[in-house]
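Student: Please model the complete structure; the sequences and the hints are all you need to start from.
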Amino acid sequence: MSGGLDLEQRYRRVLRLLPRYYREQWEDDMVAAFLDSWVSGDPDDDEWALEFGKPTPSDVASVAGLAARLYLGGAGISRRYFAWGQAIRRAVLAVILVHAVLALDVLVRIAWSRRVFGLPAPPASLVAAAPGGVWPTVFYLVNVAWIVIFVALALGHYRTARVLAALAIVAGLVALAQAQVTGIMPAPFGSWAWWVLFNCVPVLAMATFDAGAPPAARWPWLLALPAGYMLVIVPQLMAAATGNYAWVPDVAGQCCLLVALACLAHLPRAWSRRAGGSGVWSLTLALLAALAAAYRLVTLSDYVHDPHLINVSLAELLILVAAAALVTPDAARTQIASPAPPPQSQPG
Amino acid sequence: MAGKPMTGQAFFVLTALAGGPRHGYGIVGEVAELSGGRVWLKIGSLYGVLDRLAAEGLIEPDREEAHDGRMRRYYRLTRDGRRALAEEAEVHAAAARVVRARLGLTGPAAAGAAG
Chain F
8 MSGGLDLEQR YRRVLRLLPR YYREQWEDDM VAAFLDSWVS GDPDDDEWAL EFGKPTPSDV
68 ASVAGLAARL YLGGAGISRR YFAWGQAIRR AVLAVILVHA VLALDVLVRI AWSRRVFGLP
128 APPASLVAAA PGGVWPTVFY LVNVAWIVIF VALALGHYRT ARVLAALAIV AGLVALAQAQ
188 VTGIMPAPFG SWAWWVLFNC VPVLAMATFD AGAPPAARWP WLLALPAGYM LVIVPQLMAA
248 ATGNYAWVPD VAGQCCLLVA LACLAHLPRA WSRRAGGSGV WSLTLALLAA LAAAYRLVTL
308 SDYVHDPHLI NVSLAELLIL VAAAALVTPD AARTQIASPA PPPQSQPG
Chain R
7 MAGKPMTGQA FFVLTALAGG PRHGYGIVGE VAELSGGRVW LKIGSLYGVL DRLAAEGLIE
67 PDREEAHDGR MRRYYRLTRD GRRALAEEAE VHAAAARVVR ARLGLTGPAA AGAAG
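Protein chains in written order, with this note's numbering: chain F, 8 to 355; chain R, 7 to 121.
Fair warning: there could be bad hints in the mix.
[Claimed, not checked] From chain R, some residues computed to sit far from chain F (all C-beta separations above 12 Å):
1) 70
2) 95
3) 107
[Claimed, not checked] One-sided and incomplete, this derived list gives chain F residues near chain R with beta-carbon spacing under 10 Å:
4) 18
5) 40
6) 44
7) 72
8) 77
These are calculated hints, taken from the structure and not from any lab test.
Because the structure is a prediction, the values reported are computed rather than measured.
Note that the Cβ used here is the ideal one computed from N, Cα and C, for glycine as well.
Tutor: Written out as structure tokens, the structure reads:
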């Protein structure tokens, strides 16, 4: 029955998508069930099917879906993969938080410029022009959507967050392409890198927010939005109002410095032998550091005309790498020592 | 059993095992029959569900049997699995009674809802 081995081998090849530990436990069982599903009882048909049959796209998709859950899902999976899944989910929340804080900045500036609630007029340097025209309006609406996406994600409405985020990145892509075509994009590498690294990547990674994944700590994440605004945006507004905005790093630089600060703040836990479960945060910070470093590197190409800005950018990168290196050992230990996945309240 | 509701796939798999131990593809066939052909589990999906149900202690391996040169592993409901399935069935039944009552349908189910 060499033909049977052909279909079996093809399916076993598909099953290589699954983690080794899982295959050791379930592979033979899955193969037996799969081959059973191909057998009709007619010897000729069965011989043909077992020799020439191939797993269908839906067979492959179901195994791929299982693999995604096992690598990045929640309860019931290996500790190592659980840690990776948790770290990716936290990193996604952190990136969406950045979007939400920036969106809040846009909203506040527009409201202030329009003197909503009888606010006094803002300094001239902080006046935000109301969006005019279709594409600027789209850009502003997309910005506001990130606040909704962040809140939906923090509250556990994953499907809503994913749908809105998919729409947001498509709208962002259209606005970006329009800016590129009309030549109004000041820094093309940085803008496209932002869209790829901070829009597409986290939105794709939102697939890990699904069944079995433990929910995020709701209130700390929600409170991080106003806290982020107060700690990051307000100092910038003050710098702009006092004519010192030139001292404020660009967005890539801010990302580097913020992640570096977060690494340093996390250091006591990462280095403490008593702090159980710190490794997932270390892994999260390592992921964010990689993202920020990639963004910083790409945006260097926008400063080729200015050696001073290149030096400043490299210094930011160096600070980030040094800070991330301090938590990396703890992140590496997570691979073998992360806390056990909590039990699920319900199966399925 | 507070928490997220049981998925349709998990419900049908548990129901399939309520009739006795079954192997992987046996569960697929039983689920298809129970659902009137609406639910046809792919093998990857089936083992995703079995893995979670086993982790929850709702099912467990029963035995292994050789068939055409391959080992088939059979699964059975645990006591917790039987209890979880009964509770879920009651949730479905209660929902059905409410719907029938709202629709003004007659019959024992509607009478039960009124009572």
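Student: Need the list of violated hint numbers for this structure, in ascending order.
Tutor: Number 1 - this is the single hint that the structure violates.
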